[in-house]
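Trainee: Sequence:
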Amino acid sequence: MSFSEKTKNELARLIPEARCCKIAELSAFYDFNGFLLGNNNYQYLDFYHSSPVVARKILLLLKGLVADIKTQVLVKRTKAKNHMCTVRVLDLVEAQFVYSLMKKRKFLDEQKRVPFFKCCRRSYLRGAFLSQGSIADPGKTYHFEISIENTEVAARVFETMNSLLLEPKIMMRKANHVIYLKDGEKIVEVLNNMGAHNALLKLENVRVIKDMRNQVNRLVNCETANVDKTVKAAMKQVAEIQKIEDTIGITKLPEKLQEIARLRLANPYASLKELGELADPPMSKSGVNYRMKQLLEIS
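Take the position in the sequence shown, starting the count at 1, then add 29; the result is the number in the working numbering.
Hints were generated in silico from the structure; no laboratory data involved.
If a hint is listed, it holds; no wrong ones were tucked in.
List of simulated lysine-lysine pairs, DSS-like, C-alpha gap at most 27 Å: (1) Lys258 x Lys314; (2) Lys169 x Lys215; (3) Lys239 x Lys35; (4) Lys169 x Lys198; (5) Lys211 x Lys231; (6) Lys239 x Lys169; (7) Lys231 x Lys169; (8) Lys261 x Lys272; (9) Lys92 x Lys132; (10) Lys302 x Lys281; (11) Lys169 x Lys35.
Construct the entire structure; sequences and hints are all you get.
Mentor: Now the structure itself:
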């Protein structure tokens, strides 16, 4: 099971306690895959979803609004061998009542019809994600998205996420509006807002491991660069000392310089600090560096 499927399964089992949140989440399911069908004499309210677990949630949300609501659950197997579940409100009065609840809520923005209460915005976002959302495996990349063809619904999802300070972006993918997040921190926030706490913990664990790996890689790269720099400097020093030996001879140098020259030739890969420790008496790194500069000037 993918990370996205696990996240959806977790959220599908989360039923909000507040009545307003039940309505908000149900309205998201309606916006994405719901229809009020029929005429004045006979109407029924349908909700469609490919997941039986989510279909069960829709049924529980309906029963949370109308205890003895008359419903029917239809399961159809598609050509792709997937399930298509239909949760249907059969009674005309009950269908109209639930429909009116979804449409007559208090909105933060009447034009975009974003839910007024923050808890309802979170519930609406959860329903939108369960309807047509996905989240990438955080071990591979950070990506969260909700895709919808309807422009009005896309604007509602976008503004709902904006009102929760999630800073979403939007793009077109063929005929669909895709509202998405790429930042790991924002994806943590959206999971928290929707109530996917198990998925959030897993993502945070992955982020910690990634950060540790990146830090180790930076340290290794830095150490490698320092070693390369030390080796290059040492090879240059060996070459210059060899030049002195071939021209005037190391024995013609002052004793202090002779010692450093011989130590370098005998220990071509040692750092200046290590050469200082081999000297008799031991010397500081700065002292070795000063004498090495004198040797380079002579060469």
